[in-house]
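**Student:** Once you have looked at the hints, place chain B on chain A.
Protein chains: 2
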Amino acid sequence: MMGGAEIERLITLLGRLPGLGPRSARRAALALLRQPHARMLPLAQAMEHAARAVRTCSTCGNLDTCDPCSICADPSRDRGLVCVVENVGDLWALERAGVHRGVYQVLGGTLSALDGIGPEDLNVAPLYARLEAGGVREVILALGATVDGATTMHWLHDSLSRFNIPVSRVGQGVPVGGALDVLDDGTLAAALMARRPA
Amino acid sequence: MMGGAEIERLITLLGRLPGLGPRSARRAALALLRQPHARMLPLAQAMEHAARAVRTCSTCGNLDTCDPCSICADPSRDRGLVCVVENVGDLWALERAGVHRGVYQVLGGTLSALDGIGPEDLNVAPLYARLEAGGVREVILALGATVDGATTMHWLHDSLSRFNIPVSRVGQGVPVGGALDVLDDGTLAAALMARRPA
Numbered sequence: 001m002m003g004g005a006e007i008e009r010l011i012t013l014l015g016r017l018p019g020l021g022p023r024s025a026r027r028a029a030l031a032l033l034r035q036p037h038a039r040m041l042p043l044a045q046a047m048e049h050a051a052r053a054v055r056t057c058s059t060c061g062n063l064d065t066c067d068p069c070s071i072c073a074d075p076s077r078d079r080g081l082v083c084v085v086e087n088v089g090d091l092w093a094l095e096r097a098g099v100h101r102g103v104y105q106v107l108g109g110t111l112s113a114l115d116g117i118g119p120e121d122l123n124v125a126p127l128y129a130r131l132e133a134g135g136v137r138e139v140i141l142a143l144g145a146t147v148d149g150a151t152t153m154h155w156l157h158d159s160l161s162r163f164n165i166p167v168s169r170v171g172q173g174v175p176v177g178g179a180l181d182v183l184d185d186g187t188l189a190a191a192l193m194a195r196r197p198a
Numbered sequence: 001m002m003g004g005a006e007i008e009r010l011i012t013l014l015g016r017l018p019g020l021g022p023r024s025a026r027r028a029a030l031a032l033l034r035q036p037h038a039r040m041l042p043l044a045q046a047m048e049h050a051a052r053a054v055r056t057c058s059t060c061g062n063l064d065t066c067d068p069c070s071i072c073a074d075p076s077r078d079r080g081l082v083c084v085v086e087n088v089g090d091l092w093a094l095e096r097a098g099v100h101r102g103v104y105q106v107l108g109g110t111l112s113a114l115d116g117i118g119p120e121d122l123n124v125a126p127l128y129a130r131l132e133a134g135g136v137r138e139v140i141l142a143l144g145a146t147v148d149g150a151t152t153m154h155w156l157h158d159s160l161s162r163f164n165i166p167v168s169r170v171g172q173g174v175p176v177g178g179a180l181d182v183l184d185d186g187t188l189a190a191a192l193m194a195r196r197p198a
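The listed protein sequences correspond, in order, to chains A and B.
The numbering of the first sequence is the UniProt record's numbering, which starts it at 1 and goes up by one.
The numbering of the second sequence is the UniProt record's numbering, which starts it at 1 and goes up by one.
Because the hints were derived from the structure by calculation, they are not lab data.
Be a bit skeptical, because a hint or two may be false.
Cβ-Cβ distance ranges computed for the label pairs, FRET-style [claimed, not checked]:
#1 A:66 / B:179: 52 to 62 Å
#2 A:179 / B:161: 52 to 62 Å
#3 B:179 / A:197: 48 to 58 Å
#4 A:16 / B:174: 53 to 63 Å
Pulled a few chain B residues facing chain A out of the computed Cβ check, cut under 10 Å [claimed, not checked]:
#5 9
#6 12
#7 29
#8 31
#9 36
#10 41
#11 42
#12 51
#13 52
#14 66
#15 92
#16 136
#17 140
#18 176
#19 178
Remember, it's a predicted structure, so these values are computed and weren't measured experimentally.
Just so it is clear, CB atoms sit at the ideal spot from N, CA and C, and this is done for glycine as well.
Extracted from the complex, chain A is given alone in its bound form (with noise of 0.2 Å):
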């Protein structure tokens, strides 16, 4: 239709990342086009790259362009921490927090009876290597307070219980910053089953 069979695919391709709209795939399409050198041949080859040296760490299931990743290749982190999370991005916010300085385990999604992933699908094997090794002192549950993330939880502490290591999860509450009122019911009956004295 409009500029040609490469700028329609552009945009295609585009509005295909989340995210992005149609709507939005336009524009950006709009803003690569305009500086072709600028921006759009630098993006392109920053992805040629990432897409070659990228590779899922054979260990945690971090995503990163050496295995074992940066995370677990780093004498500096705790291996005796283990948390487990659902998926890389969850892994990149707590390093973003900088607030868990142990190890990571990728599950790469959560127990679900709606999509049907099983404990069969989720990457728990090297987990269970890593406690039968020894050394780990804790292992942190860090999934999301939703519904399979809670079964995920639960499923987990009991397929870890022989093991005998102590497995902890992530408190619930309000969060840091958060009004009261405009919290969910869940959240505020989290809440105040988690208190403590002040």
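**Tutor:** Only chain B this time, still in chain A's reference frame:
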């Protein structure tokens, strides 16, 4: 930091696209990194092809892979009807709607005292040349109903008067599908001014 320099660079460049902030850039990068061969490389190649193929039409200012662009080169378009738009995005919007069967002139901006954009910064020389060459029956000013758009239409109307060619501007009023009680005062005033026999 996380995932190596290649992933960091990809997130940075994606975050510079309009409509993507740091958070959505990370989401988009993760979606691409999860399918490097199915998603990231095709997008990278589409960008490279588009960056090398795209050019600005020397007649109307449209972006296309040929010059003159496919609209200017289309013998079925009415060259006597020139629609003046601010940018290529506006041209695309009119083409998607399929409401203009003539040709276009892309100004590349609007007059703006705040941004220091004067008449010499607008791409109007090709329009003057076309009007001097003859054969144009009407110029339609299709600029946005903003202060800068209105200023530009006013100035264009003046500067085109020497050609003795009818100059019109797009109508203003209630958008199709729009409820009156959500419209701003300016639109309501314009809609009342533009009233016509029912």
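**Student:** Just pull the numbers of the violated hints for me, sorted ascending.
**Tutor:** Result: hints 4, 16, 17, 18, 19 break, sorted rising.
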